[in-house]
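Asks: Starting from the known structure of chain H, fit chain Y onto it as the hints suggest.
2 protein chains.
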Amino acid sequence: MTVELNFTHEAARRSWVESANEPVADFPLQNLPYGVCRQLGWPAPRIVAAIGDQVLDLAAASEAGLLPPTVAAACREPALNALMGLGAPAWSALRARLSELLGADTCPAGPSRAAAGRCLLPASPAAMLLPARIGGYTDFYASIFHATNVGSMFRPEAPLLPNYKWVPVGYHGRASSLVASGTAIRRPHGQLKDSTAAAPVFGPSRQLDYELELAAFVGPGNALGTPIPIRQAGDSLFGVGLLNDWSARDLQSWEYQPLGPFLAKNFATSLSPWVVTLEALAPFRRPAFTRPAGDPAPLPYLADPADQRLGGLDLTLEVFLLTAQMRADGAAPQRVSRGNFSVMYWTLAQLLAHHTSNGCNLQPGDVLGSGTVSGPEQDSRGCLLELTQRGAGPLTLPGGERRGFLHDGDEVILRGYAEQAGARRIGLGECRGIVLPAGP
Amino acid sequence: MTVELNFTHEAARRSWVESANEPVADFPLQNLPYGVCRQLGWPAPRIVAAIGDQVLDLAAASEAGLLPPTVAAACREPALNALMGLGAPAWSALRARLSELLGADTCPAGPSRAAAGRCLLPASPAAMLLPARIGGYTDFYASIFHATNVGSMFRPEAPLLPNYKWVPVGYHGRASSLVASGTAIRRPHGQLKDSTAAAPVFGPSRQLDYELELAAFVGPGNALGTPIPIRQAGDSLFGVGLLNDWSARDLQSWEYQPLGPFLAKNFATSLSPWVVTLEALAPFRRPAFTRPAGDPAPLPYLADPADQRLGGLDLTLEVFLLTAQMRADGAAPQRVSRGNFSVMYWTLAQLLAHHTSNGCNLQPGDVLGSGTVSGPEQDSRGCLLELTQRGAGPLTLPGGERRGFLHDGDEVILRGYAEQAGARRIGLGECRGIVLPAGP
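Top to bottom, those sequences are chains H and Y. Residues in the first sequence are numbered consecutively from 1, following the numbering used here. Residues in the second sequence are numbered consecutively from 1, following the numbering used here.
In isolation and in its complexed conformation, chain H is listed as follows (with noise of 0.2 Å):
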């Protein structure tokens, strides 16, 4: 980790590429997120780097001999799970060339530039693909605020279990039904049960709703039997994107009982193209959320200084909602909601060290989802159900509209970004998804 970098030196550092340099930019000189891109006249997809508007082919780069030779075969396979099984110090070499590569001030117009230029093109997020082949990937429950919101209206007695403040919750979800932001999303079919009814009928969820989410893509991860140390779990992940785990709260209050949710949530999640890398975001870590006081201390298995030192992350999470009449009125996305990763209970590296104490194998490229990001605010809360107390209070949106959960035709948008005084704002870009109406 860099954690030991000197911020305001690397701040300054512009790229050549201009675009880059724009005070709001998603993606300057300091982040350099990697992708999957596909393009025609490619026979396969490629790795690239997001730099401002453009793209660096990184398959191109590696066989114009501009990259480290450790990383170089990985650059140019078709996803970023060999990448990602390389660890730490490659990802650093990495970074360190691309930065240098970029910089104006490493990278005086002359040859190498010209070299890198050759590799640039235009960034298109349509042609963005899954940033890697996720084989598993878990979804935790890491806000205890989240936990306590929907506690209290799926068991209003009791709201939160006596398992949470020890244990960072998770399950597994689907990876198959993992899809790029952009992919439209329709509307699950499913069991519903309303609680006066006799029976549950089968058809359309009436309650689908979205969770914001991070994602933490998993590095070189650990055989089966052998877990990961706390004091190594957070070198352990690559980076972090963003994730909408799309959720038909009709289908789940009736299933979930006792193995947890299935088919409320397997229909469907969306991952954000760009994987902004934990080096990038060195500047924006922070101390692990604060446990009110009578909370009882991590066990030691889930306990590292460090971690609690820096293991936070200040990273804003935003939920942006566009209508179709929005559309047809030419409005732009409205903001429902804004929260702060920093008030997670559990920081990513508990996560993993959580998952993997038990022996659990965790592969390259494996997603773990954070669980949905909400805050103490009523406007940081990460999901409809919570926003609209399960429906009962819509949102109103411009032109009129309510939600009280989402309809056909609607747009998520998920965004984030970290910022402060003396970094480089680094964004994490955007995690879309649109709302086709149920099959026959």
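Read the hints as simulated data drawn from the structure, not as lab findings. Please read these numbers as outputs of a predicted model, since none were measured by experiment. Take the hints with a grain of salt, since some may be wrong.
[Stated by the list, open to error] To be clear about the criterion: a stretch of chain H counts as covered by chain Y if any three or more of its residues have a C-beta under 8 Å from a C-beta of chain Y, and this derived list gives those stretches: (1) 159–173; (2) 195–209; (3) 241–255; (4) 274–281; (5) 297–305.
Here a beta-carbon is modelled for each residue, glycine too, at the ideal position from N, C-alpha and C.
Replies: Below, chain Y without anything else, positioned relative to chain H:
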């Protein structure tokens, strides 16, 4: 499906591989299950079919031109996924061809038999790998006897939840920690909390258990957003094997609310090497479980007259224990339970139709676990939790040992077979795993 075949004629057929004609052989000519095997000198694993105490190398058979063109390429793959993806007509064609090649009547001594004979090698359980790359593993809860027994221990006030008779309850398991039969299982660490303790501790599980399950392998699968209707669901499954869903009950009872089992299960799940096709099991199809009077009928998306008539499987499933002391004494494994798959409340077709009913996509080689197969009788309970009332009534083994839960050194052996008058016995083979002490 070949349910219209003349079973009596089929049952009388013999193989020229003499060991396949033994009355209690698991792998007669009528079975022909598929697996994946590794041998010294082979650059990659190969698909094989079991016949008596031999296996037929399908890669070699394919290269020798012995197999139908539709399956020839899939049979040269290092796993069964491609063959599973081809669908029922291709599966039937391959099965018919293998039956012809290996039948004493259809393949008399001569060049064809000699060509097939050159593809035979002795079976070796230790050489068998997982039969497929398993992208998705879903575990169900389809025995109402298991659900009621377990519920009475975890939730005495509500043993069977209100959704059970409506929803084929399931959840996502961990695919990365599926292991081949014979892989040793390390006892997991985890959070343990006695009901009287104020706080959990972290340590090795003291309540390690097995679960006897049937694994069904998905065939071609479905695209995201396109459910598989119940009428097509039966033909969408390639075959079945045995699955041991190792479970740490102490971890499970503390962690499982509200999102379901996680670390209590994902440290390892064992699969048997042989996938027995549903075609081979056609003579053992039975009416689906008869729901007790007063139980609701399945909702229309789960109801199919053909599945009601033939969705049950008359498969005997057994669990054996072999402790370290028994091994030292030269004792044989001791059977601790025997049940039958025909008591399952939900059919395999219902599990698959439910899984895809919201559009969730299944892929070739995905595994659907049935959940613990327990029947109404005490000795048909498929896990120690049920057999010993959570350890309160331990089993007594030969030599006088007692078991509430598993000890280090215990080996669990699952076996399964179908038998009836007028049909050849069809065996599933074995699924074995021995418990290793917890790591440091």
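Asks: State whether the coverage of the region 241–255 of chain H by chain Y holds or is violated, taking the criterion as 3 or more residues with Cβ-Cβ distances under 8 Å.
Replies: Holds: 4 residues of the region 241–255 of chain H have a Cβ under 8 Å from chain Y.
Asks: Examine the region 274–281 of chain H: at least three residues should have C-beta closer than 8 Å to a C-beta of chain Y.
Replies: With 0 residues closer than 8 Å to chain Y, the region 274–281 of chain H misses the three-residue bar; violated.
Asks: For the region 159–173 of chain H, count the residues whose Cβ lies under 8 Å from any Cβ of chain Y; is that count three or more?
Replies: holds (count 9)
Asks: Counting residues of the region 195–209 of chain H whose CB is closer than 8 Å to a CB in chain Y, do you get three or more?
Replies: holds (count 4)
Asks: If you look at each residue in the region 297–305 of chain H, do at least three have a Cβ nearer than 8 Å to any Cβ of chain Y?
Replies: Check passed, 3 qualifying residues.
Consistency with the previously given hints fails for number 4 only.
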